[in-house]
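Asker: For reference, the chains in residue letters:
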Amino acid sequence: MSAPRPVLGVDVGGTNTDAVIMIGEEVVAAAKRTTTPDVGDGLIAAAQAVLGTAGIAPDALGTVMIGTTQFINAFVQRRDLTAVAAVRVSLPKADGIPPMVGWPADLIEVVGRHSYMVGGGSFYDGRDYAPLDTAGLEQAAADIRARGIRSIAVTSNFAPVRPDIEQKAAQIIASVHPDADITLSSEVGGLGLIDRENAALINASLRNLSRKVVTSLRDALGRVGVKAPIYFSQNDGTLVSTEYATRFPIVTCSAGPTNSIRGAAFLTGIQDAIVMDIGGTTTDLGFLVRGFPRETATAHLIGGVRTNFRMPDVLSIALGGGTLVRGAPPAVRLGPDSVGYELDRRALVFGGKELTTTDVAVRAGQAAIGDPARVRAVPDAMVQSVLDRIHTRIEDAIDQMKTSSKPVPVILVGGGHILLSRSLRGTSQVHRPKHADVANAVGAAISMVSGRVDRLFDFAIGREKALEQAREEALAAALAAGAEPGSVDIVELTELPMTHMRTTAVQVKVRAVGRLASGER
Amino acid sequence: MFSITNDIDVQDMARGAVLLGSGGGGDPYVGELYLRNQLAEGRSAKIIKASELPDDAFVLSIAGVGAPTVIVEHLVSTNTLLRLLEASESFYGRRIDALISAEIGGVNSMFPLALGTRAGLPVVDGDGMGRAFPHLEMTTFGVYGCGATPSILMDDSGNVAHVRTTANRIAEDVVRSVCAALGSMIFGSFYPMSGRQVKQLAVHDTVSHTLEIGRRIRQARESQADPVAGVLEFLNAPHEGRHARELFNGRIVDVLHETRDGWHWGRVLISSGASEEPEFRIEIQNEYLVARNRGRTVTIVPDLIAVLDAESAEPLTAEMLAYGQRVRVIGYSAAPIMRRPECLKVFGPRLFGIDEDFRPVEDLSAEEPVRA
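Protein chains in written order, with the working numbering: chain A, 923 to 1443; chain B, 346 to 717.
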């Protein structure tokens, strides 16, 4: 087997664009640059920096892997979104709750309220309850076209069981509106029509932006001279193609925290741990299970819209290096407000006037930042009291993330790790890996590929047989996504029986993950 | 009479309905969205006290019947609700004057409001159990001689079933079978009653309770106060001398969920962290049925048990419980009518296979002060 080719891992965040070059298991170069309005320029700067440091020619790269928070940020800030039309195939069912009910008004203002409901859909067992209303779809498509809307989300009843209904509906729409850019709900979500439809609509509203951003990043790499295939990280820490990321920007929406958690795992070699990112304003805790972030079990809000999109289960607490300290012992108070990015002007050690947690850490000798002389006057009792409070808050948060009382290892990333000096209750060990400040770019660089199944299976054929079928479908999906045959494992399998009904249908969720076949890593 | 005109009230009611569900009744989310859409279209929900009903008024219960997994796909159809109303009026041969919920706990708190708001009918401030129960016959209406049938069941495709049974327990089985045959989600009208019967037999004021419970939790959160204390203060306010108290505060250390014969069975163990063994245990059969502290019963059905997220006081249904959650548990006395001997024969502990007599939560608390 030939020597592994270098991999470029990039994280295009809201503030910084981080890049790393990895050869095999080793981080050979790392750089942090400011994210630019046209994301391509920031990428060029970061990529050239790491290529220069590593002394690697751009065309020697084997693969490029990009994680980005551009899409989620745009959606939350209601910027660069495109008008969307919702087409729901569900009549005579579900007319009482039309698409976009409950959406925030500022979002409706941007994407519009263009919704259409037509006949068709399936029972939970896959039988049609109504024929697909072709004429209704044609009429809707004509109206959408007349309104000048291109981006469309199509959602049908029980689409996870019968995706073909949505596919057929999309064909009919496209026959009338050839420029239509269509997202199918079954491509982006599981059971739960409203949440799945919302995910499809969010995705549709991001399609213009995703085309722009993905093109910009790809062109930027071209200008640097990179010839390697480019992939994007999705929420579960696995890869999708640039083509897929363009079509389904929503799958990248929480790649940021995921990559940070996975990067931390890689940098320490630990597969099961709590990853704690202590920033300026908040501390984010994620849970690493078998090398992947644990995902939320319940519905998740994205920019005020409920989806059943699975996100890393991240707990954020208002405690960071910039958190303001008030009061006197024993009644000291931490935050919840923080000086944030103004730490280097407002904190005492930087000549500012406000006592922050960073000042206390410096006074305690846990860090050498700024001018320690400026915090000499902070009394010992105050220092002890603040440190007690910080450690208790962190310990409580760790406790909340844990799934058993067994002690777990903790991996610290992010600049705020200086706040901690003691051993933490409920933990077995605290790791502070090298390159922790670019853990997210490392996370991108080590991404794998996955396949997923989330639908109802009939256990009448026998539970084991049904589960075997579900596993096979997930494995096939992982191979289709580019996994190397033989490297694919089932990393998750959940059964959710249908309560209240005497039926043998069971919702099964399976995820299979494997190495990227073309990566030669 | 009062009206519900804004989204915040609807969300408060949904939250309160989960608390009164005592772990069961399903997530009211679908009903909440339906109502919010009605309000957005300029309608409002009108809620009247039972005492405002004329004795000869005609009142019907409206309910959705089905699996939680199915309702989140099929949602709810306005046409179906309106056809159900029309079919019921034509079947009974008279106008319906008001709607009432049979089960205030969970999603069926919302469907009478949904139809009432759409059709301009008032909804009675009360229900048939003041909580959630797994069977159709488990209502005060039924205990005191009202038939759950004649009943009309309807799916969204226009299929209609008229059900007339000799006992409410049989109605339960027939309705389940019809539901399964029609894709596992139907709507029905049940328990036709006179205004006089509603006044005598309903558990009163439960619609306003859902609103007030949800509101207390939200307001306490907004003002950084203890939301559980806010709820307890309301529940202990003098409504028919009812009583509520915090039973336990701890972390879930084990949850068992299983589905047997279509029902959700389970058990949850909660630990305060003070001792090796988890001290607190709740038995689940769709709803929370009995809570025990160190083996001693502290609340038992039909009294209510509510499990709240320790931080936000968001009420949690049994399906939502998971290992590691920090929770606070509340015991709440059922309405006095629910505790009468004839009621306990229909939904007392033994009906759920618990070999124990009902004892009121306030007596259990007097027996043994609980160290939480």
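It should be emphasised that the hints constitute simulated quantities derived from the structure, not laboratory data.
Hints should not be assumed to be uniformly reliable.
Claimed, not checked - Estimated spans, in silico, between C-beta atoms of each pair:
id, chain 1, residue 1, chain 2, residue 2, range
1, A, Gln999, B, Ala464, 51 to 59 Å
2, A, Asp1047, B, Arg612, 27 to 35 Å
3, B, Gln564, A, Asp1318, 24 to 32 Å
4, A, Glu1165, B, Glu622, 49 to 57 Å
5, A, Gly1287, B, Asn581, 32 to 40 Å
6, A, Asp1380, B, Asp702, 41 to 49 Å
7, B, Glu622, A, Arg1344, 49 to 57 Å
8, A, Leu1415, B, Gly490, 20 to 28 Å
9, B, Gly640, A, Asp1028, 49 to 57 Å
10, A, Thr956, B, Ala464, 20 to 28 Å
Every value quoted in this text rests on a predicted model; they were computed, and no experiment measured them.
Note that beta-carbon positions come from the ideal geometry of N, C-alpha and C, so glycine has one too.
Asker: All hints, please: hold or fail.
Answerer: A quick look at each hint next to the structure:
1. A:Gln999 <-> B:Ala464: 51 to 59 Å: 41 Å, violated
2. A:Asp1047 <-> B:Arg612: 27 to 35 Å: 31 Å, holds
3. B:Gln564 <-> A:Asp1318: 24 to 32 Å: 25 Å, holds
4. A:Glu1165 <-> B:Glu622: 49 to 57 Å: For B:Glu622 against A:Glu1165, whose Cβ atoms are near 56 Å apart, the range 49 to 57 Å holds.
5. A:Gly1287 <-> B:Asn581: 32 to 40 Å: Violated: the Cβ-Cβ distance is about 52 Å, outside 32 to 40 Å.
6. A:Asp1380 <-> B:Asp702: 41 to 49 Å: About 43 Å separates the Cβ atoms of A:Asp1380 and B:Asp702, which means 41 to 49 Å holds.
7. B:Glu622 <-> A:Arg1344: 49 to 57 Å: Check failed, 29 Å falls outside 49 to 57 Å.
8. A:Leu1415 <-> B:Gly490: 20 to 28 Å: Hint violated: Cβ distance 50 Å, outside 20 to 28 Å.
9. B:Gly640 <-> A:Asp1028: 49 to 57 Å: 54 Å, holds
10. A:Thr956 <-> B:Ala464: 20 to 28 Å: 59 Å, violated
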